[in-house]
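**Q** Please take these sequences and the hints and turn them into a complete structure.
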Amino acid sequence: MDSDYSIPFIIFAETFTFNIICMKVKWISVLVDDQKKALKFYTGILGFIKKTDVPMGEYSWLTVVSKEEPDGAEVVLEPMGFAPAKIYQKALKDAGIPLTMFHVENVQNEFERLEKLGVKFSMKPTQMGPTTLAVFDDTCGNNIQLIQV
Amino acid sequence: MAFYNNEVARLTKSLYPHDDLTKHIIQSKLYIDKHFSENINLDKIAAKAHASKFHFIRLFKKYYGCTPNQYLQEVRIEKAKRILQKGKTIGEVCYAIGFRSKPSFISLFKKMTGLTPLAYQNKKSNFG
Numbered sequence: 011m012d013s014d015y016s017i018p019f020i021i022f023a024e025t026f027t028f029n030i031i032c033m034k035v036k037w038i039s040v041l042v043d044d045q046k047k048a049l050k051f052y053t054g055i056l057g058f059i060k061k062t063d064v065p066m067g068e069y070s071w072l073t074v075v076s077k078e079e080p081d082g083a084e085v086v087l088e089p090m091g092f093a094p095a096k097i098y099q100k101a102l103k104d105a106g107i108p109l110t111m112f113h114v115e116n117v118q119n120e121f122e123r124l125e126k127l128g129v130k131f132s133m134k135p136t137q138m139g140p141t142t143l144a145v146f147d148d149t150c151g152n153n154i155q156l157i158q159v
Numbered sequence: 002m003a004f005y006n007n008e009v010a011r012l013t014k015s016l017y018p019h020d021d022l023t024k025h026i027i028q029s030k031l032y033i034d035k036h037f038s039e040n041i042n043l044d045k046i047a048a049k050a051h052a053s054k055f056h057f058i059r060l061f062k063k064y065y066g067c068t069p070n071q072y073l074q075e076v077r078i079e080k081a082k083r084i085l086q087k088g089k090t091i092g093e094v095c096y097a098i099g100f101r102s103k104p105s106f107i108s109l110f111k112k113m114t115g116l117t118p119l120a121y122q123n124k125k126s127n128f129g
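For the record, the sequence lines run as chains A and B.
First residue of the first sequence: 11, per our numbering; consecutive thereafter.
First residue of the second sequence: 2, per our numbering; consecutive thereafter.
Simulated from the structure, these hints should not be mistaken for lab results.
Note that CB positions come from ideal geometry on N, CA and C, so glycine has one too.
Derived contacts from chain B toward chain A, CB cut-off under 10 Å, selection only:
1) Val9
2) Ala10
3) Thr13
4) Thr23
5) Ile26
6) Ile27
7) Tyr65
Label pairs and their in silico Cβ distance ranges:
8) B/Ser15 with A/Asp104: 22 to 30 Å
9) B/His51 with A/Met111: 25 to 33 Å
10) A/Ser39 with B/Ala10: 27 to 35 Å
11) B/His51 with A/Ile97: 49 to 57 Å
12) A/Val64 with B/Leu22: 45 to 53 Å
13) A/Asp44 with B/Ser108: 47 to 55 Å
14) A/Lys77 with B/Ser38: 19 to 27 Å
15) A/Ile38 with B/Gly66: 16 to 24 Å
16) B/His51 with A/Thr53: 38 to 46 Å
17) A/Glu115 with B/Gly115: 25 to 33 Å
**A** Below is the structure:
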């Protein structure tokens, strides 16, 4: 009886193995309350560059990328089209929890640069083991963390 | 202070209670970042952390999630990718990142990226 079941299973397992797809991180989403304001902040203050801006009805498919990695992962400045998202965003904001984080070479330098530009930090550069963290307000409803490893 | 800041402070205190130790481990990692192209070995790196070799390996893994040697290999291969994209030959890349043997470099590069250095270079020049 065992062999009756083992053959189809082996065939299935082999088929599955050959169909594995390598997933990549190409986009990460940042919910924003106003796409125009977000684009201004993410490009003019943070230093990202605009990658795509495709009108989609009331909103746009709007993405920015790092100047150093223009072909790297894109940050989607995603409009708040779903009402409960506002509740989620506010709960994170009130607790000081970052929605996402960006890597920088030197958190202290970036903190000083952004503070001069008027960016508000809820957590100044803080050492946590081998990493240094800082958290700022992106003016679009989110806390964003900077991390240096 | 918000919830998140409190959590960061709590975790720091509980996971990384020894500031001097943290500083030494960070120094050893920065030493690898700076000297990866030289003939560095575990003794030299451990000396930066003021720790014995075996104790140092355990500490480094606790802080960075990999052994010092694994980290050194990662740094070298990431640097190799950048140099390959500039069109340098495999030999030039190999020596620029601190390898003395081309076969060892090719073998490690393939193990870590799934491609030989040449295949990686061709892929990048074809697709940007």
